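Colleague: Listed below are the residues making up each chain.
Number of protein chains: 2
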Amino acid sequence: MTDAVEQLPLLEAALDAASLAYKKQSQIVANLRAGNNNRNRTDQLQKEETNLRDCKRQVDAAKRALQAAAPETNSDTQAKNVAAAVEGLLRRRFFIAPSFEIYGGVKGLYDYGPPGCAVKNNLLAVWRQHFIVEEGMLELEATCLTPAPVLKASGHVDKFNDLMVEDVETSDAYRADHLLGEHLENLLQQHPQHEHKDEMQHLLATIDELDQKQMDVYLRKYEVTAPDTGNAVTKCYPFNLMFQTSIGPSATQPAYLRPETAQGIFVNFKRLLESVGGKLPFACAQIGLSFRNEIAPKGGLLRVREFQQAEIEHFVNPEDKSHAKFAQVRDVTINMFGREQQLHRPYKPVSITVGEAVEKGFIDNETLGYFIGRTSMFVEQVGMNMKFVRFRQHLEHEMAHYASDCWDLEIMSLSNNKWVECAGLADRSAYDLGNHSEKSGSELRARVNYAEPKRVEEVVCVANKGTLGRQFKRDAQGIIKQLSAMDEEEVKTLKQQLETGECKAQVSGFDIGPEHVSFRKESKMVSGKSLYPSVIEPSFGVGRILWCLWEHCYYVREGEDEADAQTVRRVLALPGCVAPVKCCVLPLSKNVVFESLLAEVRQKLSAAGLVNRVDDSGTSIGKRYARADEMGTPLGITVDFESVKDGSVTVRERDSTAQIRCASVADAVDVVRRLVAGETAWSDVLASYGNFRA
Amino acid sequence: MTDAVEQLPLLEAALDAASLAYKKQSQIVANLRAGNNNRNRTDQLQKEETNLRDCKRQVDAAKRALQAAAPETNSDTQAKNVAAAVEGLLRRRFFIAPSFEIYGGVKGLYDYGPPGCAVKNNLLAVWRQHFIVEEGMLELEATCLTPAPVLKASGHVDKFNDLMVEDVETSDAYRADHLLGEHLENLLQQHPQHEHKDEMQHLLATIDELDQKQMDVYLRKYEVTAPDTGNAVTKCYPFNLMFQTSIGPSATQPAYLRPETAQGIFVNFKRLLESVGGKLPFACAQIGLSFRNEIAPKGGLLRVREFQQAEIEHFVNPEDKSHAKFAQVRDVTINMFGREQQLHRPYKPVSITVGEAVEKGFIDNETLGYFIGRTSMFVEQVGMNMKFVRFRQHLEHEMAHYASDCWDLEIMSLSNNKWVECAGLADRSAYDLGNHSEKSGSELRARVNYAEPKRVEEVVCVANKGTLGRQFKRDAQGIIKQLSAMDEEEVKTLKQQLETGECKAQVSGFDIGPEHVSFRKESKMVSGKSLYPSVIEPSFGVGRILWCLWEHCYYVREGEDEADAQTVRRVLALPGCVAPVKCCVLPLSKNVVFESLLAEVRQKLSAAGLVNRVDDSGTSIGKRYARADEMGTPLGITVDFESVKDGSVTVRERDSTAQIRCASVADAVDVVRRLVAGETAWSDVLASYGNFRA
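Chains R and Z, in that order, give the protein sequences. Position in the first sequence counted from 1, then plus 313, gives you this note's numbering. Position in the second sequence counted from 1, then plus 313, gives you this note's numbering.
Derived by calculation from the structure, the hints in this document are not laboratory data. None of the values given here were measured: they were computed from a predicted structure. Backbone N, C-alpha and C fix where the C-beta goes; we use that ideal spot for every residue, glycine too. Incorrect hints may have been included.
Stated by the list, open to error - Only some residues are given here: those of chain R computed to face chain Z with a beta carbon under 7 Å:
| no. | residue |
| --- | --- |
| 1 | D424 |
| 2 | Y425 |
| 3 | E452 |
| 4 | L458 |
| 5 | V463 |
| 6 | T558 |
| 7 | V580 |
| 8 | R584 |
| 9 | E619 |
| 10 | S930 |
Next comes chain R alone, as it looks inside the complex (with noise of 0.2 Å):
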């Protein structure tokens, strides 16, 4: 260890040195885009991309040598403790559970119990009532079932894929990533010293971006085998991660479940753009499920092969994406670990406002922005620990060709010590719009208005009616319609068509020489012009988000000896606004003189609105509190002998576990109903009311 530690500086150097070259190179790929119009990469352009990954995967390889020097502090056996104390009480409250668990449980399947499942609802509610409703956002639902075209066209049947290998005797799966990766840190770990080592390290800090040839290669030479029986591994193949059925009687329909909701919203782009009177920006949310049969899923929600998905597509001109309510967020604080962070010491995210990142450029626009500041008050009001929340840029060389700026917020999961990617904000520009239009033949551009009309010089075709009509006949007449309705960019395509000669141009299905049309400059005055809008995608993973959000909230009272499983007090310190029991409702005892009161109390607070529940389970009132605690119920109201005199009853909060006495039932439940709503603080009812000892 001694010897790592004083390689400190030299690993600490040789950081830096891949950070800088890794930035060079992005600025040059940068450069080479800004320069490209085509939606199609150059081949130099390709050429630098595949340099700029080489650069990161330096960067990975000297951050994880680092690493291995300067471990991090979190613990690993406080992360389990973590783990195992979360779930048996998610379990035992029957917050989730593994499907099916009666007929031995599918993995990668949960259900969400009555807590877990009021819980999902409530933090749906809030995220409707942030970002659609405060927003004037639309909302639509579309189905699960997806016809194949529709996901040939956006990709997903052809690169939805992860590499798999098969036990060749058993035929069990396995996620080549994962077992190779598995294996070189087992080797490492028995042979610290292996020939291979520095290779070895280079492979696992890269090892998601081999290809199929290049892990069958190294599945090859690391002789890696099945783990659970020994056995040879097959080549690895890629495995589409979409359920497959089909649709009709005839099974002559292929169709997928769909793996992201985000392609039901671009393909009805166009009448959502009626909808708001074909004007730029809108936005339109989808909240709904997706599926993915991953080949190993995790243990709990952060990978699962059923999951709920609440999803943003706002359009907006690809020339101003300003956003007019950018004020609003401008002074939210975030942690931003934006790629200066990632690349630079100390390596650490930053605080900094949105307002102070959009200016500075960290952040690309401002409607990225403000939905990062969105984002951020979301998850602040839903109850996570914002210590252990980050807002992460993707790096160059992670972001798909097409998009221009892409930042997930990533949340520490304690039991995994990991930070999950829970929502992805990403500008992805013109692409799914332009891709639905061409395979679709369905027109999706909207029209932008110019602030006042401009004059331009434009190309027009003229077509020529003879050669036209003398070759073409009576299909000359639709031939030169369709000339005559082309737009600037269409006139431009043909003409460089005709030019160049490279292929024969096509027009209404007919091949159209330079001798059918001519071209001419005009000059004219225009209002605006069609464009694909630019998409800026709010992705958010609301199984992930609740996961975290659990984890978040719980701890044990203080004092407490944690590892007394059957005494120690565990709290879950759910917000009101998600928590699933707004109110517990206790009497002192299973007397049947409280009967009465209990169920004016439960009435008044049903009509309100708030979700309760009695417990009159006969053990001490406060065992009865303890296990409210649990369940995240962050009031509850009891009723005593006192109650049954005055009407007068007890409202206690959960987290300070200090108690008030109001005069009447109908009082308490105010109480309750402006504290949920978060109208009032527990300290103002405490300081009018006073704190009251029964």
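Following the hints, put chain Z in place on chain R, whose structure we already have.
Modeller: What follows is chain Z alone, placed relative to chain R:
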């Protein structure tokens, strides 16, 4: 026609006679069922049930003959007008649209656009408040992906079929019952005096009761061909309506998309029972998607392939189906179309209170009655025209053999001129839990305590340790343990098996004979017993309810010419609780002076959770109001030049088109909030503010 009308008394008498015969046979079946303790039916019972179905065929044939002679007054032309108007409106304003329309669409799949999605979410929010929150129900969310063994156990893999035929040349698929029915109707129309006229009419009345063999016989006999091509069709075969897929990478885990949400509650019964401390009765609800690969989907939302259900499973002691809150529905009046009404003149529903219906035994028990009452309150609250709502009881032959009573919420679809089953309310007795218990090997009984301990005589099983030890050696211990753990039911079964010798008795997988055990009666005090709870299941089809609601709420303003599509003023009179937009916000003109006030109105409405839309499109106020009326927006706030001076604004109500003037934006927003929440009525607001004319 005159001939037919003269026959009316004869036809009515025939129907009466058939109804009487049906009722007598019902009684025979009911008596047999009551004396039948087994979960399986005896041969005798099966025979009488077949007779019962025959009787019903006679009733239907008689009813059909009567209807043909005295056609109902509803006009099909009228229905078609409603269909065209409503569907046109729904598509044009993007309430719903065929999914993936730009790729050619898929039959039976619909997307909910922004207003449709909003109405659906609002309807579900009302449902959740009305049933789950106010009733203190549990709610869970299980997965759509369901492994095959679960649906094998529930019977869906084997029995969830429709009979299908294919065109022998094109392989196009048709539902056999639809094809035969349409063919017979055409034939009868062309040849009213066809030689098989009587048989054909009888077939039309009973077509959904034909089995595969009978169906083939009639398809051949009447030479049914494929309607699109005239080609011959194949023999019919059962087509399973579930979408199949497989889970995991090796495709060895066959699975289906669930065809109903109910199973997700049953398989979690044990955890749910734990959640409520083991006490009956309790209820659990689930709102979620279900999938059925319909052979012939209908237009609109009435029969689709992916749809939302809202189901409740209420678990109750089979010996006590009273309901604690029954008093709350006692006075609710419903249109009851019970067995009596369906089988007696004038064959029409009667208006009756739920209390009376239960008291007189029309509805089997209080709990079922309670849910019927609550369901009626629900559909009234969301805006259904109660004239077109009825509860129809299943006739004896329609119910599964295990069910003890079943009612459908039927709502008139004005566009189809047909009653549509929008919810089913069934007492399914102990069938589902018993079934899953048996197939999964997991105990799904609940313990019910007697009011006070009882002395009971019980047969107990005494293991003969000597004979068991000698024969089974070291396995004997396990067998003895198993024998002593048997409950009364199991002991009885074992005793019977050994006495009749009908089959070898198996314990722990070993063959047991009379020499291994003895039986004796014991008298003991017991405080309760274990049993399978009865399940009372209200199950709602969300899409169908929405479709009927839109039809019921649609009207054209009085004095308008419906035929004039351009100027006619259409209204969707959705109540505030379900309307997609609660309030439209209209500036008098596009003048910039209104902007800051508009922003204030929007901000205040949004903060109050009220979805709102500005319409500043520059057309007249009247046209913009008309546009909002079509969307079902109940209220509007208008900002004019007076507003700019003194901050006062106008509030306008959709149905009366009356207006009031509020002194401030805050006041106007509060009026809108109270109206939407149902805290106050428009008439009261109008009375206190006075009618305002601009």
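Colleague: Provide an ascending list of the numbers of those earlier hints which the structure does not satisfy.
Modeller: Violated hints: none at all, because every hint is consistent with the structure.
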